[in-house]
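Enquirer: Chain by chain, the residues:
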Amino acid sequence: MSTIYQIILIGTLTLVVIQLGIVYMLARFIGNFINEIRSYRGIRIGGLEVGDEAPIFRELDHQKKSVSLKRLISEKNVVLLFISTKCPTCKELLTQLKKITEAYNVHFVLINNDKESDDREIVKMIPKGVFYIRSTQIGHIYFIDRVPTALIINQAGIIEKQNAINSVGGLWNILLNEERIAS
Amino acid sequence: MIIFFYLKMIFVILFFSTAIHKVRYRKRHVQAIKAYEIIKEEWASLFFYIFLIFEGYISLSLILTGFTIYNTLVCLLLLSVYTIAVGINLARGRRNLSCGCGGVLESEQLNFGIVFRNLFLMCLFLLSFFLQDLVSHPLTVDQMISIALIAGSSLLVIGIGKEIKKLKVTLGKLSQKFF
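Chains as they are written, first to last, in our numbering: chain G, 1 to 183; chain H, 1001 to 1179.
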């Protein structure tokens, strides 16, 4: 009789664990599902927004130098430009990078979310003073779902602007209120 | 004896689940180690594997040999490193980065709760190691299975609680936008 009770007890506990496991998986699934919904009827509901604190990261750039967002924002505002190797608009924007970096007193960090393709063409176009990082993870923590996207992070570590960029003009526009370098 | 076996199973499941989480989301954890800005970036992968091996060792050795001086020292070392790393970043005023804890312990933001939780786990491990020999009443197989299942349930309840808390925060943000 005691053996039957033991079997019933273990069976019941196993069922409890399975049920709790299912509830846990469901809760995670719902959480992930909500996070995946980026917009609804034009209202952005997922990811980071203007006014949110920018997630901190540290990565090596193409010259194997450490790029720390924390350190960069302690010096001046930072522009994060998310690109992809095969995106034509991104390459178009890169042609303007030199002019932009010469005009504005900001740190410019270029983040390529494509770690596989040959990026020599992009590396050639990077002007001096621009940090270039290849990382899928940074795009993930910033909830970037399209490229090119630009973010401006102020010295308090807050996202000041965030826009998907459709043209070269869009990149200049997002920088309009930034401090210019006196010529 | 029951309580020590329960604690042992809690630690086994905890470290095993965090190790599995680290294997599944390797890139995310390496990025989290880099984001702590304590060690050189080149060493992040190396430290990732060290942490993974330590966690695997603790869970396996607990099952095979119970609380020993070796797994106690490894656990204290591992949790101390995590606690110091979180403490340093909190002292620097950095909260907006994932703790990289893995499993049910994962947290999107750093907070002092993580420090206290790790200290609590360290005390619990240490106490279990010192006090386990005081009670020598052996457990039967069915008792061990039952306790292991209860330990699993306990951790799942904690995990569900955390997920529901996160959901409430997300839904709170959503309701602010829509209403």
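Source of the hints: derived by calculation from the structure; they are not laboratory data. Take the hints with a grain of salt, since some may be wrong.
[To be verified] Facing chain H, according to a computed beta carbon distance under 10 Å, are these residues of chain G, among others:
1. 17
2. 62
3. 123
4. 125
5. 126
[To be verified] What the simulated footprint calls covered on chain H by chain G, stretch by stretch (three residues with Cβ under 8 Å from a Cβ of chain G suffice, anywhere in the stretch; the number is not a length):
6. 1012–1020
7. 1143–1155
8. 1162–1169
Quick reminder that beta carbons are idealized off the backbone N, C-alpha and C, glycines included.
Enquirer: So which of those numbered hints doesn't the model satisfy?
Expert: Numbers 2, 3, 4, 5 and 6, in rising order.
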